[in-house]
Amino acid sequence: MEGSGGRMSTTFNVVTSQEYKYGFVTDIEADSVAPGLNEDVIRFISAKKGEPDWLLEFRLKAYRHWLTMAEPDWAKVDYPKPDFQKIVYYSAPKAKAPKYASMDEVDPELRRTFEKLGVPINEQAALAGVAVDVVFDSVSVTTTYKEKLKEVGIIFCSFSEAVKEHPELVKKYLGSVVPSADNFYAALNSAVFTDGSFVFIPKGVACPMDLSTYFRINNKESGQFERTLIVAEEGATVSYLEGCTAPQFDTNQLHAAVVELVALDNAFIKYSTVQNWYAGDKNGVGGIFNFVTKRGLCKGKSSHISWTQVETGSAITWKYPSCVLLGDDSIGEFFSVALTNHKQQADTGTKMVHIGRNTKSTIISKGISAGDSSNSYRGLVKVQPKAEGARNFSQCDSMLIGQSCSASTFPYIEVQNRSAKVEHEATTSKIGEEQLFYFQQRGIPAEEAISMIINGFCKDVFRELPMEFAVEATKLLSLKLEGSVG
Amino acid sequence: MTLAATSNLVAELLAGPRPAEWGELREAAETRLAGRDLPTTRDEDWKYTDLKALAGLSFAPAPKATVDISGHLLPEMVGTRQVFVNGHHAPHASCASAVPAGVRFFPMSHASEACHALGSVPNGKSAGLFEDLNTARFQDGAVILVPKNMKVALPLHLLFITQANAPVAVFPRVLVVLERGSELELVEEHHGSGTYLTCPVVEIHVAEGAILRHERVQRDDAEAFHLGTLKAEVAKGGQYHSRTLSFGARLSRQQPWVRLAEGAEASLDGLALLEGQQVADTHSFMHHTEPNASSHQLHKCIVDGKARAVFNGRVRVAPLAQGTDAKQQSRNLLLSESARVDTKPQLEIYADDVKCSHGATVGALDPEELFYLQSRGLNADDARNLLTYGFAADVLTHVPVASLRRALRQLVMARTQAGSLGDLS
Chain S
1 MEGSGGRMST TFNVVTSQEY KYGFVTDIEA DSVAPGLNED VIRFISAKKG EPDWLLEFRL
61 KAYRHWLTMA EPDWAKVDYP KPDFQKIVYY SAPKAKAPKY ASMDEVDPEL RRTFEKLGVP
121 INEQAALAGV AVDVVFDSVS VTTTYKEKLK EVGIIFCSFS EAVKEHPELV KKYLGSVVPS
181 ADNFYAALNS AVFTDGSFVF IPKGVACPMD LSTYFRINNK ESGQFERTLI VAEEGATVSY
241 LEGCTAPQFD TNQLHAAVVE LVALDNAFIK YSTVQNWYAG DKNGVGGIFN FVTKRGLCKG
301 KSSHISWTQV ETGSAITWKY PSCVLLGDDS IGEFFSVALT NHKQQADTGT KMVHIGRNTK
361 STIISKGISA GDSSNSYRGL VKVQPKAEGA RNFSQCDSML IGQSCSASTF PYIEVQNRSA
421 KVEHEATTSK IGEEQLFYFQ QRGIPAEEAI SMIINGFCKD VFRELPMEFA VEATKLLSLK
481 LEGSVG
Chain U
1 MTLAATSNLV AELLAGPRPA EWGELREAAE TRLAGRDLPT TRDEDWKYTD LKALAGLSFA
61 PAPKATVDIS GHLLPEMVGT RQVFVNGHHA PHASCASAVP AGVRFFPMSH ASEACHALGS
121 VPNGKSAGLF EDLNTARFQD GAVILVPKNM KVALPLHLLF ITQANAPVAV FPRVLVVLER
181 GSELELVEEH HGSGTYLTCP VVEIHVAEGA ILRHERVQRD DAEAFHLGTL KAEVAKGGQY
241 HSRTLSFGAR LSRQQPWVRL AEGAEASLDG LALLEGQQVA DTHSFMHHTE PNASSHQLHK
301 CIVDGKARAV FNGRVRVAPL AQGTDAKQQS RNLLLSESAR VDTKPQLEIY ADDVKCSHGA
361 TVGALDPEEL FYLQSRGLNA DDARNLLTYG FAADVLTHVP VASLRRALRQ LVMARTQAGS
421 LGDLS
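Taken in order, these protein sequences are the chains called S and U. The first sequence maps to residues 1 to 486 in the numbering used here. The second sequence maps to residues 1 to 425 in the numbering used here.
These are computed hints drawn from the structure, not numbers from a lab. Only true hints are included.
35 angstroms max Cα-Cα, derived DSBU-like pairs, lysine-lysine:
| id | chain 1 | residue 1 | chain 2 | residue 2 |
| --- | --- | --- | --- | --- |
| 1 | S | LYS171 | S | LYS150 |
| 2 | S | LYS386 | U | LYS300 |
| 3 | U | LYS355 | S | LYS459 |
| 4 | S | LYS351 | U | LYS355 |
| 5 | S | LYS76 | S | LYS343 |
| 6 | U | LYS306 | S | LYS360 |
| 7 | S | LYS421 | U | LYS47 |
| 8 | S | LYS475 | U | LYS355 |
| 9 | U | LYS47 | S | LYS386 |
| 10 | U | LYS300 | S | LYS360 |
| 11 | U | LYS47 | S | LYS61 |
| 12 | U | LYS47 | U | LYS355 |
| 13 | S | LYS351 | U | LYS47 |
| 14 | U | LYS327 | S | LYS360 |
| 15 | U | LYS327 | S | LYS282 |
| 16 | S | LYS360 | U | LYS47 |
| 17 | S | LYS301 | S | LYS146 |
| 18 | S | LYS360 | U | LYS355 |
Work the whole structure out from these sequences, hints included.
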């Protein structure tokens, strides 16, 4: 065992140093505003997008509140605070024409980027059965499958388009789950968001395909402030996928998105994310700051919201996809795999707020830390006094790979109703040398063995992912861990 | 969100003259306290425990008093007790005649400043304000020194009684030093009547291979505030096992802080029985700083009425502490509509070869278990009381002093109304 242990350590050290695969910069002349933030910048963004007055007011109100707020420092992450006056709050790729008739008209540079990313945007998309609403540096470029979705009454478009074409829906739901003053980064987003996605599934409609969006940060120093709003009316169901990759930069980039989900009676929203923003290099230089507010409101009776996330990227992650279980018999779920390596720091988890009767929530969180990284689970399970019969089960497991990483678990459990049943478990362990030895003795190389063990560790989460994401996620974890396991 | 409670309590408690002994220690504490105020619910560490009720009161230094302690005597410890009333040593109530030779067990006021171990357990971050207040103003307390390899057969008994006719503040202080290979059982009890604030500080040094078993019983008055600090340093291969039973006080908070050296063992068990408007908070910190130590925590709360239980159990495994085995369980039983539990177990791990786990549960009695007992002929109330008693009793199983174990069981039976079922102890 002694000898094999030593050999494994060396293998492990070789295994983790996979460089970022998607580190390229597209050269597109951006139509940007000067760096800095004030009310004029907000008015500029709003005017540029031809927004109605109420939306400008929403932005300004958020901005004025944001000015009174302090950047949160309770998370277990350590990073230089961004200078908000150095950020470019608006940049749009220069367009030849406002709309494209076909893909051929799209900037070839942009198309090459998508090809490198493997975005299934044309025939590939049809084969993959995925409708992709591509957000490229804040402005939606092209949308597929719109017609097909339109037939059943589904609206899937960029946020800007939704503001123009369905203002009544946007006005009704925007900020209804994440109020503009919710937290520091949500307030900032509410003030300066540029674009994002809007999904509306009408009553009784089951969305015939998985909806998906790729986000990409491209313009150097341009913060990304995406806004996503998904509404599922009574009895509607939808599965939404979000995947991220970003080019390699040395200066930190801020990403402060807000995602709001609203599920009415008997509606089901499944939101899956694979997050692979640039994490900085091995020494922790560069990388994305990912400060995201994601929240779902189970507004209706028996509504159901399920978050699945695979977090592998970003230098700093601060993200707590949550469910507010307002409707009686509603269900909230959170399935998460968070992997950190090198100098990455992640503080992620969820909040389950039980308000309605007989509400149920499940939390499965798997954290893997390697290298010098820090990985924390932070979660809240709150049972309010009227939440008769609330039920929660949480399981948070951590795995440590190497001696200089850390794993923490901070579950907050607040129960104010005696009929509630709340259970939380957490364990921490490492990949056993014996497990590895067994694999190797059966002829499976250490690297592959590690990948298999990790996949087994994350199985409960991966099986919640839509098929194509599950494949991608499995590959991603293996890539991310190459050279690190010991 | 509660706004910062501006109170003068800290300044008020420091208003009196600084006692002459331990001057340097007290001065340092006062320096740290300068300009400080009571924490508010905005402080993460006090998020669930609001001290507003305390901020509205003012406390005078406690005068000397005499009390009848006959009700508190335990047969095993008749000749091994030190009693403190209102923070002052009560020589007539104390009796150390059965303390074995070599063991030193005396009031702190008799200790010379040469007893340099006091204040030498480093400040855990979670300690702080109330510990410093104690250091700045403690009147008296107990010193226990057990020499090398001595296994003390009789348990030692510490009795702190507060009698308040008007609101008073007391600051009991305890220093326990177990030298290499020694063993001791210690029983620490807090009783009282009236409105008062007590901020006890217990400092413990367990040397290599020594074993301390520490039973702590808090039965303060229902109008009292108990804000206690415990700091234990456990050296290589040493063991520290404590059990804290909280019954009294309007608001109580225990802050045990334990640091484990190589191969050390520690357990911090707890039981809180709460009713009415009581708040009981336990903020523990188990710090594994060296390899191969193991720790265990079982914390149970039974919450009735409008009471609130708070648990914040932090376990930290430092980078060097490979081979750590740490377990922590927070179990909570809600008996009434308006009872409330906030629990937050925390694991912070910086070493990879460890086995750490924690768990937390909150819930009511299991309807199936209730049904089972009823199917066996118990009425609904008895079934409920028996299950409640059973939930609590498992913490008491290992209380080493027989008379104390019996007394505690009876107390728990009375509180869970399981007494009508006969003697379960």
